[in-house]
Amino acid sequence: MKRLKRGERVRVSLNLNGRKLAAEAEPRTLLCDFLRYALGATGTHVGCEHGVCGACTVLIDGVATRSCLTLAVQAEGHEVKTVESLAGADGVLNPLQQAFRDNHALQCGFCTPGILMSFTDYLARNPHASEADIRDVLSGHLCRCTGYAGIVAAIKQAAAGVNGLIEVTQPSRSFPRKRESR
Amino acid sequence: MKPRPFDYIRPDTVEEALAALAEYGDDARILAGGQSLVPMLNLRLIEAAALIDISQIAALDVIRESDGKIEIGAAVTQNKLLAWPALAQKLPLVAAALPYVGHFQTRNKGTVCGSIAHADPSSELPLALAVLGGEVVLKSQRGGRVLAAADFHKDMLTTALAADEMVTAVRFPKANGAANGQRRGVAFREVARRHGDFAIIAVAAVAEDKNTVRLGVGGMAGRPVVRRIASNKAADAIAADLASWAGELEGYEDLHASAAMRRDLFRNLGPRVIEEAMR
Numbered sequence: 009m010k011r012l013k014r015g016e017r018v019r020v021s022l023n024l025n026g027r028k029l030a031a032e033a034e035p036r037t038l039l040c041d042f043l044r045y046a047l048g049a050t051g052t053h054v055g056c057e058h059g060v061c062g063a064c065t066v067l068i069d070g071v072a073t074r075s076c077l078t079l080a081v082q083a084e085g086h087e088v089k090t091v092e093s094l095a096g097a098d099g100v101l102n103p104l105q106q107a108f109r110d111n112h113a114l115q116c117g118f119c120t121p122g123i124l125m126s127f128t129d130y131l132a133r134n135p136h137a138s139e140a141d142i143r144d145v146l147s148g149h150l151c152r153c154t155g156y157a158g159i160v161a162a163i164k165q166a167a168a169g170v171n172g173l174i175e176v177t178q179p180s181r182s183f184p185r186k187r188e189s190r
Numbered sequence: 108m109k110p111r112p113f114d115y116i117r118p119d120t121v122e123e124a125l126a127a128l129a130e131y132g133d134d135a136r137i138l139a140g141g142q143s144l145v146p147m148l149n150l151r152l153i154e155a156a157a158l159i160d161i162s163q164i165a166a167l168d169v170i171r172e173s174d175g176k177i178e179i180g181a182a183v184t185q186n187k188l189l190a191w192p193a194l195a196q197k198l199p200l201v202a203a204a205l206p207y208v209g210h211f212q213t214r215n216k217g218t219v220c221g222s223i224a225h226a227d228p229s230s231e232l233p234l235a236l237a238v239l240g241g242e243v244v245l246k247s248q249r250g251g252r253v254l255a256a257a258d259f260h261k262d263m264l265t266t267a268l269a270a271d272e273m274v275t276a277v278r279f280p281k282a283n284g285a286a287n288g289q290r291r292g293v294a295f296r297e298v299a300r301r302h303g304d305f306a307i308i309a310v311a312a313v314a315e316d317k318n319t320v321r322l323g324v325g326g327m328a329g330r331p332v333v334r335r336i337a338s339n340k341a342a343d344a345i346a347a348d349l350a351s352w353a354g355e356l357e358g359y360e361d362l363h364a365s366a367a368m369r370r371d372l373f374r375n376l377g378p379r380v381i382e383e384a385m386r
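Protein chains in written order, with this note's numbering: chain A, 9 to 190; chain B, 108 to 386.
Please note that the accuracy of each hint is not assured.
Now the in silico label distances, taken between C-beta atoms and shown as ranges [to be verified]: (1) G85(A) with L150(B): 27 to 33 Å; (2) E139(A) with A342(B): 34 to 40 Å; (3) G96(A) with Y359(B): 49 to 55 Å; (4) G96(A) with K261(B): 53 to 59 Å; (5) K261(B) with H112(A): 49 to 55 Å; (6) A255(B) with S138(A): 36 to 42 Å; (7) C56(A) with A367(B): 26 to 32 Å; (8) H112(A) with R151(B): 34 to 40 Å.
Please keep in mind that the hints were generated in silico from the structure rather than gathered at the bench. Model, not experiment: these values are computed from the prediction. No residue lacks a Cβ here, since even glycine has one placed at the ideal position from N, Cα and C.
Using the sequences plus the hints, can you model the full thing?
Shown next, in the form of structure tokens:
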């Protein structure tokens, strides 16, 4: 049984985008804040902080999860993937990202990291998703620029590709850097 | 916002979880998927001295069938149940209701038991449990007990759980129709502002036999309300029965809908759901 006292700072180690990293967190530290402030992986955005907007969605052990509804200590020992994992080490966009660029599927870009991670999970499980399926999954995200038509078009383009389209095995070049917690 | 500080306890067994509950009592909260609890903590609507994280207890991550009932452990996520191959055959009403519970992303973590223990009056799973006449399994260091859905859900966000008790499983009776190779005999519909939001109202029906349905409605009272309705009548007679029932249900006012609108929605959805279940 694991037992942590309130306010106690403990070392949390996890595998982020293929790299083993560790930093300190309190029990109440949310995973999204741990990623951004302790590990410096600021690609994950934080919007509503109560699970509605979807901007903070990351993969934990391959499964799309709201990082604002997950405690950092719950991710201890798990594999976390964020938007930084998607492009190749050479900066080449993966097919889902490329489809977003091709279809002008982002305007301000705040919601984009979460949407990319949701569909990385969903399309891996459902490679032949229909437009209705895509819209259903997209209902778990808010785009305040209201650019949904472009987003749906991009995901349809990505889903029309072959299986295994969105491999996320390559670690990113620039993020994350381990940073001492403040 | 960020949650206030709390102790974090992650037991490996149910016994350890019950010991922690006995220690903290009412000041502890059980954390399973966290899709309702963590938003409330983040918004500081509630405060907890301790969170007891049961999501890693393997014994609770189990779906099993016994005695004509399907038992779903407290660590089983909504998407795990949705992906269970026997779901549509054995629990067709749950299969119809689950896609309305939150979103794909929240169902990945949110648990079936957590949604039932949270007891939001307009959420889908407590309604399905009530209409099917399911049970909730509770445990504490003092022992265990099994409550019928109607005895478990008391009012809005209020259940019969004692301070030192936790929900370890829920049990849904297996569908009759599936056993006899008959029709599906269930229907589920809801009205919400957006798909995945809490329902303004949700209506579910299960055909008991050729002449009767059990009809339940969520969002009209502090907990799901269920009634047996004679379905072998003319359509306008059924509509009249539902209209008089709608008049008895208080409904409630919030920023999404007035009580009158809720009653209207029920009068509209009710007959369609009955017709669909009897088809």
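Right, here's what the structure says about each hint:
1. G85(A) with L150(B): 27 to 33 Å: Holds, at about 29 Å.
2. E139(A) with A342(B): 34 to 40 Å: 35 Å, holds
3. G96(A) with Y359(B): 49 to 55 Å: 54 Å, holds
4. G96(A) with K261(B): 53 to 59 Å: Distance hint for G96(A), K261(B) holds at roughly 55 Å.
5. K261(B) with H112(A): 49 to 55 Å: 51 Å, holds
6. A255(B) with S138(A): 36 to 42 Å: 40 Å, holds
7. C56(A) with A367(B): 26 to 32 Å: Distance hint for C56(A), A367(B) holds at roughly 31 Å.
8. H112(A) with R151(B): 34 to 40 Å: Distance hint for H112(A), R151(B) holds at roughly 39 Å.
Hint check: no violations occur; every hint is consistent with the structure.
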